[in-house]
Amino acid sequence: MSESAASTSTGNAGEAAAKRPAVQLLGITKAFPGVVANSDVTLVALEGEVHCLLGENGAGKSTLMNILSGMLEPDSGDILVGGAPVEIDSPRKALQLGIGMVYQHSTLIPTLTVLENLMLGATGLVLDVRGARARLAELAGMLGVQVDPDAVTGTLALGQQQQLEIIKALWRGSKVLILDEPTSMLTPQGVAELAAVLVRLKAHGLAVIFITHKLHEAVEMGDRVSILKQGRLVGTIEPGELRAASPEELQARIVRIMFGEATQEIADVAELERSVEGHRPRRELPSELAIELLHVSAAGDRGQVGIHDISLPVRHGEIMGIAGVDGNGQRELAEAVAGQRPLAAGEIRLDGRTISTLSVARRERLGLRYVTDDRLGEGTVSRLSVALNLVLKRIGEAPFWRRGVIQKGAIDAQASELVARFDVRTPSTETRLGTLSGGNIQKVLLARELSFEPRVVVYNKPTYGLDVRTTRAVRARIREQAERGVTALVISTDLEELVDLCDRIAVLSRGRLAGIVANEPGAARRVGELMVGRTVEG
Amino acid sequence: MSDTAATESAELAAARPGRLGALADTLVRSVGPVVLALVAGAVILAALGRNPGTFYGDIVEGGLTRGNGLQESIIRAAPLLLIAAGLIVVFRANIWNLGIDGQFLLAGVIVAGVASPLDDALPNGLALVLLWLLAGAVGAVWTLVPAFLRAYYGVNEIITTLMMTFIGINVANLFIKGPFRDFESTNVPQTSVLPVERRLPDLPGTRIHAGIVVALVALVVVHYVMTRTSFGLRLNVLGANPRAAVHFGLSVKRLIMVSFAVSGMLIGFAAAAEILGVWGYVRADWDPAFGLIVVPLVFLARLNAIAVIPFVALLAVLSIGGDLAARRAELPNDFLLVLVGLILLFMAITEYLGRKRELGQSYLTEGLRQSLRRRAGR
Amino acid sequence: MIAVGDVFTEGFLTALVAGGLLAGIPLLLAALGETISERAGVLNIGLEGMMLMGAYVGFSGALYSGYTWVGFGAGAGAGIFVALFMVGLCVRLGLDQIVVGIALTLGAEGLTSLLHGAVLTERPRLGAVELVTIPGLSEIPVLGRSVFSQHLVVYLTIGGVIAVWWLFRSTTFGLSLKAAGDKPAALDAAGVSVYRTRGYAVLATGSLAGLGGAYLAIVGAGTFEPFMTNGAGFIAIILAMLARGRPFWVVAGSLLIGMSLQLQTALQVARIDIPIDVVNMLPFLAVIVVLLLFGRRAYLPAALGLPYVRGAR
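Residue numbers (this note's numbering), protein chains in the order written: chain Y, 1 to 538; chain W, 1 to 378; chain C, 1 to 313.
Some clues are possibly wrong.
[As the list claims (entries may be wrong)] Within a straight-line C-alpha distance of at most 25 Å, the following computed SDA-like cross-link-like pairs (lysine to any residue) qualify:
| # | chain 1 | residue 1 | chain 2 | residue 2 |
| --- | --- | --- | --- | --- |
| 1 | Y | 93 | C | 172 |
| 2 | W | 253 | Y | 405 |
| 3 | W | 177 | C | 172 |
| 4 | Y | 408 | W | 229 |
| 5 | W | 177 | Y | 358 |
| 6 | W | 177 | C | 275 |
| 7 | W | 253 | Y | 148 |
| 8 | W | 177 | C | 285 |
| 9 | W | 177 | C | 228 |
| 10 | W | 177 | C | 267 |
| 11 | W | 253 | C | 285 |
| 12 | W | 253 | C | 290 |
| 13 | Y | 93 | C | 174 |
| 14 | W | 177 | C | 231 |
| 15 | Y | 408 | W | 304 |
| 16 | Y | 408 | W | 306 |
| 17 | W | 177 | W | 229 |
| 18 | W | 177 | C | 227 |
| 19 | Y | 214 | Y | 196 |
| 20 | W | 253 | Y | 358 |
| 21 | W | 177 | C | 272 |
| 22 | W | 253 | Y | 214 |
| 23 | Y | 408 | W | 226 |
| 24 | W | 177 | Y | 342 |
| 25 | W | 253 | Y | 196 |
| 26 | Y | 408 | W | 307 |
Hints were generated in silico from the structure; no laboratory data involved.
Computed from a predicted model, the values in this text were never measured in an experiment.
Turn these sequences into a full structure, and let the hints steer you where they fit.
Written as structure tokens, this is what we have:
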């Protein structure tokens, strides 16, 4: 491993020195059947610089970076590393060329130890444990972080896991580091730590490509920002401009680049961005509880945290946010409420009546609904029609079934009505659900869960992965339901979303309730503190 | 990787051939593997020094053209069709019941053992109906352990059903050598024989027993249930996406137990057809081993209870004609196993090529592929 | 009633232990192989077929060459040949592992039966094989003669178990195997070919299963019979699952099942007659009971049975 020392010895390629291009993507085009993911994209990453790649979901950011990291091969275009043309046909090749990638979805194996994860892919017959320990100490020092080499990876906090991912990407002396949406799983504090790590990496002369869909992050973290839209590079903001303009000016400019002059969308984006600061006006709520959790505990799946001793009273018409870093028991809580996960202890009451032992179906009849975050994995059956998907929680019931026999007329009528009411864009109600876009699938889910008089609705990451317009529509739907007295439990890892929507925000940390915060000015900071386990006085 | 998900759904949208194209595609993918398997089988026969032309000619002669060949093939089709019906019910629900032989054999032995005494005590018609139901019950009971292990512990049912077959074969033998043994017969242990005139009635003017009618009715019923009823939809949902089934509030454990039991019942019926229609008794170590050879046909028919009929017809001809061909070629009659293995292999390859071209639907339900994802214990 | 002391005579115990080893070694070899491929995420339902091919080809090799060793080599080779289908179709093309596994088992059952009928028409037998007796240890009463006087393959098998244990524990390949089974995408991202890792694992499985089959035919039976593995491959798959990737548990399980298979012979030595059907189903019954008791804890890698396609989720 001759390059292993390179990353540390490159030294301080300071501001003054002319920055050399570490990697150049020239005219990259990549098409999938029916979709052009990248069209003639040119991108240059310089040494000692953080280059932000900004774009909406589906803009082609991940495809571009998967091409650079060898997971995909481009249809046309050239890649230059250190000025020389290369062909990257596998992740191994990318690593050899000094390109390390931190994927959006963890590539760590939770059942292995930290050291084993790092040694994965090593050459030689026998594992070199001693050498690996030394290398880990070296890199941890460079990043300014601490990692226990013998800890089982699955037990580490997500922030630590991400630091480990970065160490792993640098393990073989990478000079280019790609970070794909690295902040999506982090607490505000974790984001700050990541920013500190990036500064140290730049100082060591690494080129960092930072992928994000959040405007303010791109502006804050990047030395240079490139904007992708529908597979094309639509604009670049150079370092000089970035330093000269104020964050507000930059954001406004980026919005114009991303959405052109279409005013409606600018308004949408501006509103979404502004909600970081704003908070929801206090509403008058009745004092009766709609749903109440009393000391609820439930086991987690293998390797996942369960929930422990959660007590949560929610009033009629209240929007209660559930904040927390992903994987801290949110899904388990939602499933326990919906009846998909048995309680180990405690009680759940709906309108004062205990429902702890009722089945999923019985709870559904009582008006308790669950909009799952796993839309394709459990929320729908993709090879069935839109119409059938809309009644899948009522199989066998009148008027859709009589004596167990399907009544197509009734199902189609219901489907037509819901498709119109919830603005589902589908060729017909007979279309296979799997062919719809993510946003329309979410609308199908909402339509199904909000029909038949809902009383309490659990929304799990209701806008995750949706475009700006659908996000806005979904949030409006949640608010509108709340106005009608339908209680909502909104689980989200997006703090901005919770601040925008909720009356109060409960915080989950390692499966426990860390606290409940009223949505007042400063709520975001207090929630962030609770997320990392610091207690708040009062 | 939301980009990937987006492209996937776009691919799905793009991959919709016309109606005619789809039909041709289905035909190629269903018949292609059979033709390829026959060709590869011919190569193997030639390698063994047998003339493939003569061998296949003998199959056609034995299974179709010779005297009672066609009638014998139809008689053979009856149990095979009932087994196919039983498999469709579970496969649709994302469950691999591969314990067919155990369920079949045990049901057959118990029916054969009880047949004569019951027929002496009751009117013939009533006795036959009761025996038929008894066979169904035995088949269903033999699925209980794998069904329970799968439903409550998440233990992989492929393995447990295969195990239950090995146990079932031995338990059947114990019955034949113990309580059901007819000591007046030969020195190979066997049950008493139900006289020919007391067995299932023949269709008028033929030697074909009524089992084939029951089998065809069963397939039509299964087809109706799977496509038109809430029970069928529940099984389909469970098969397509087990986690969704939980989310929709289906009682997954009960569905697993019930579909397993229905499957075992239909396979028990198959045994009733074979014993009450053809043999009238069971001899020790008798095992027609119909089980695994029906599996590929069900997939070729894409788990469609009507479409499976022509495939079973072909298998029945191969099975009956194969006996004659093997005898004349002085080979064991296990050539059918080779053919079925080859059909499965070519089916998998054809499906791969089809998937490459992004056409049509797959042989397996989405969930069936993922059935192994389930681990023991959650 | 027969007193317990009458049953557990030295003859009985010797027969039980010796028989257990004889019947347990093929199981052990196959289950050890399955442990490797399951760890890498490939559920190999074709194990039974690989054993049968190993048995037929191994027996033929020993018969025609006159050397037992040629037979074992041929058996392992036959297992690898069947495994090549699995590598090509399941690992490389990502076809359904269960469908291909069933196909290979059915095909091998039919093919070996046909070959037996067409080629081995004389029903030949092999003579007794040469045993290696360890001096000193073989003098120990009861265990001595039964354990320390075996064919060389038995000692090699024990060495193989230790080798697999070391492979899993201390080598880069062992680490890659576990990654291929738990999270293949992570292995791919680390620059190691998932196809190659899984491919080697399946080939190793094939060679071990083929060797197990050859042992069954050459040492165990001295001849080849159609369907002679009689479900051993399926038992081996279950053993591998229950052992949760720990080679020494595979040894314990195989020997236990081997002994229960040999109970009838041993009981005959002790003059107790129980029906062969009861004895035949004992190992299966034992496994079902074990599953009912411990089924919740059987371990399978997360990605077991799932084909790996780069870039897909």
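Each hint tested on the structure:
Between residue 93 of chain Y and residue 172 of chain C the alpha-carbon distance is near 19 Å, which keeps this suggested pair within the 25 Å criterion. Of the supplied pair hints, the one linking residue 253 of chain W and residue 405 of chain Y holds, its CA atoms being roughly 22 Å apart against a limit of 25 Å. A distance of roughly 56 Å separates the Cα atoms of residue 177 of chain W and residue 172 of chain C; the hinted pair therefore is violated under the 25 Å criterion. Among the hinted pairs, residue 408 of chain Y with residue 229 of chain W is consistent with the structure: their alpha-carbon atoms are about 11 Å apart, no more than 25 Å.
Pair hint residue 177 of chain W plus residue 358 of chain Y does not hold up; C-alpha atoms about 50 Å apart against a cutoff of 25 Å. In summary, the hint linking residue 177 of chain W to residue 275 of chain C is supported, as the alpha carbons are separated by about 9 Å, within the 25 Å threshold. Restraint check for residue 253 of chain W and residue 148 of chain Y: not satisfied, since their Cα atoms lie roughly 42 Å apart, outside the 25 Å limit. With a C-alpha separation of about 20 Å, the suggested pair residue 177 of chain W and residue 285 of chain C falls inside the 25 Å cut-off, and the hint holds.
As the CA atoms of residue 177 of chain W and residue 228 of chain C are separated by approximately 23 Å, the hinted pair is consistent with the 25 Å bound. Between the alpha carbons of residue 177 of chain W and residue 267 of chain C the distance comes to roughly 20 Å, so the proposed pair stays at or under 25 Å and holds. At most 25 Å may separate the alpha-carbon atoms for a hinted pair to count; residue 253 of chain W and residue 285 of chain C meet this at roughly 24 Å. For the suggested pair residue 253 of chain W and residue 290 of chain C, the alpha carbons sit about 21 Å apart, so the restraint of at most 25 Å is met.
For the given pair, residue 93 of chain Y sits about 22 Å from residue 174 of chain C by alpha-carbon distance, which is consistent with the 25 Å threshold. Of the supplied pair hints, the one linking residue 177 of chain W and residue 231 of chain C holds, its CA atoms being roughly 23 Å apart against a limit of 25 Å. With a CA separation close to 21 Å, the supplied pair residue 408 of chain Y and residue 304 of chain W stays within the 25 Å bound. A hinted pair counts as satisfied when its Cα atoms are at most 25 Å apart, and residue 408 of chain Y with residue 306 of chain W qualifies at roughly 22 Å.
Pair hint residue 177 of chain W plus residue 229 of chain W does not hold up; C-alpha atoms about 44 Å apart against a cutoff of 25 Å. With a C-alpha separation of about 23 Å, the suggested pairing of residue 177 of chain W with residue 227 of chain C holds against the 25 Å cut-off. Between the alpha carbons of residue 214 of chain Y and residue 196 of chain Y the distance comes to roughly 19 Å, so the proposed pair stays at or under 25 Å and holds. Under the criterion of a C-alpha separation no larger than 25 Å, the hint pairing residue 253 of chain W with residue 358 of chain Y is consistent with the structure, at around 16 Å.
With a CA separation close to 18 Å, the supplied pair residue 177 of chain W and residue 272 of chain C stays within the 25 Å bound. With a C-alpha separation of about 44 Å, the suggested pair residue 253 of chain W and residue 214 of chain Y falls outside the 25 Å cut-off, and the hint is violated. Taken as a hint, the residue 408 of chain Y and residue 226 of chain W pair is honoured in the structure, with Cα atoms around 15 Å apart against an allowance of 25 Å. Between residue 177 of chain W and residue 342 of chain Y the alpha-carbon distance is near 48 Å, which puts this suggested pair outside the 25 Å criterion.
Of the supplied pair hints, the one linking residue 253 of chain W and residue 196 of chain Y is violated, its CA atoms being roughly 51 Å apart against a limit of 25 Å. Simply put, residue 408 of chain Y and residue 307 of chain W have alpha-carbon atoms about 24 Å apart, close enough for the 25 Å limit, and the pair holds.
This entry does not satisfy hints 3, 5, 7, 17, 22, 24 and 25, going by the numbered hints stated previously.
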